[in-house]
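A.B. asks: Here the structure of chain A is known, so what remains is to put chain B in place on it, guided by the hints.
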Amino acid sequence: MSHLNGSALRLARQRARRHFSDTSRRRGLLVAFEGPDGSGKTTQRKLFKTWLKSEGYDVVTTKWNSSELIKPIIKSRKAVRALSPEEFSLLHGADFRHRVEQTILPALWDGKLVIADRFLFTGLARDVARGLDLDWVLKLYQPLLWPDLVFYFAVSPITSGKRVTATRLPNFYEAGQDVTHVEDPVESYQHFISRVIREYESLALIFNFITVDAEQSIGDQHRQIRELFLEGQRRPWSAWNVDAVADWLARTGGPR
Amino acid sequence: MKRTAKPRLIAVDGTNAGAVLAMARRALGSPSRGGISHWDASGVFQDLAVADDAAGPPSPRTLLLLYAADLAFRLRWEIKPALAEGNTVVAAPYVETAVAFGRASGIPAGWLENLFKFAPRPTELRFAHRAVKHGKNIEGFVGFGCARMRGKPGGRTPKQIRSGAAVELRKIARRSSKR
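First to last, the protein sequences are chains A and B. Quick note on the working numbering: the first sequence kicks off at 1 and runs consecutively. Quick note on the working numbering: the second sequence kicks off at 257 and runs consecutively.
Heads up, some of the hints might be wrong.
To be verified - Calculated pairs, SDA-like style, for lysine to any residue (alpha carbon to alpha carbon, straight line, at most 25 angstroms):
no. : chain 1 : residue 1 : chain 2 : residue 2
1   : A       : LYS71     : B       : LYS434
2   : B       : LYS336    : A       : LYS63
3   : A       : LYS49     : B       : LYS336
4   : A       : LYS71     : B       : ASP308
5   : A       : LYS71     : B       : VAL306
6   : B       : LYS434    : B       : ASN370
7   : A       : LYS63     : B       : ARG282
8   : A       : LYS75     : B       : LYS434
None of these hints come from the bench; they were simulated from the model.
The shape of chain A in the complex, shown without the other chains (with noise of 0.2 angstroms):
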């Protein structure tokens, strides 16, 4: 048994070096948005991807908590408020899992470039800001696929908190009220998003992020994206993804 699994990865990553290392065809960039939630991250993502298309890019968007199969089943535990940080992480663990599989890993595949607003950091920051241990919490999103390219968009909890809560009242899990018991969602916004800040900030260190100044103008940010992108996409392709691309082809048959 153990035999034929073993045959199985190895023949998939021979499958992943070749394809990956191919010059003559265009290879998939991964691209990643990440920060707190009022960052303008989502505005810099779309801006973003006007650009790359006008320059030629096929380009593949993915968010956070978006898989058709996993959304509706987390959608639905939280409007009932019954998910406790293990249950979060591990659905949202899920989740993404998906989305690796059918949508980033075909796309990065097939020489797309994968806009991914948010990563598997979200998950991490919020998880440990829940106060679940990161090596558990990194270890359910193994095999890591790791980004090219994460922009981190970086603002302080007062700036998040201002921007969130201008328009609209804060959600249940995105105030962190299940850890931080505090009934005034603003109230408890600022103090989960100052942890979950915390933790982006570990995880801006470790991981090497570009961090962008998001309380710059919005055009700023942008042109700051622009120039780092055209300097990190000349990067060649990350010997680290062997691994999470071979897991997918042998266990899930890869290309349809």
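C.D. replies: Only chain B this time, still in chain A's reference frame:
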């Protein structure tokens, strides 16, 4: 439920849902001793069963993450409260059924071990190896997972994964009996 002398968590694992249920009932004995915690108490898999096929099939890893989420739910609402009251709880199935499914699908043991780190070790571990015919059409996790997978995960057909899970479970049972 009446309080017993000592709270007990009895895990009953197996790939055949009918056999697991039958063994769980025997393990509990009288219902007054406690209760049985069944697979999918959270309804996650029930929701998955009615999901749109166009979303793409779940892989073994996705199914295992969902199994763990369901188990976390069962621990929070069924198992831990009953144990806190001093009762016997039969978890049918518990961790090893999912581990056997994962191993048969080629998932690394280390990943599986980490996934279920949050689950307390049972007081007693029993294995339902024999298939049992049940009046009702009961579908357990392994049957559910194999029915919904597409292609050949890890180079194996769903049928091979199902039989492979039974083999893995026997290996786990042998190891646990030596401990």
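A.B. asks: Work down the list of hints and note, for each, if the structure agrees.
C.D. replies: Hints, verified against the model:
1. LYS71/A / LYS434/B: Answer violated: LYS71/A to LYS434/B is near 43 angstroms, above 25 angstroms.
2. LYS336/B / LYS63/A: violated, 35 angstroms
3. LYS49/A / LYS336/B: The given pair, whose Cα atoms are some 48 angstroms apart, is violated under the 25 angstroms limit.
4. LYS71/A / ASP308/B: holds, 12 angstroms
5. LYS71/A / VAL306/B: The given pair, whose Cα atoms are some 13 angstroms apart, holds under the 25 angstroms limit.
6. LYS434/B / ASN370/B: holds, 22 angstroms
7. LYS63/A / ARG282/B: violated, 47 angstroms
8. LYS75/A / LYS434/B: Not satisfied, since the Cα-Cα distance of roughly 44 angstroms exceeds 25 angstroms.
Hints 1, 2, 3, 7 and 8, counting from the list given before, are not met by this structure.
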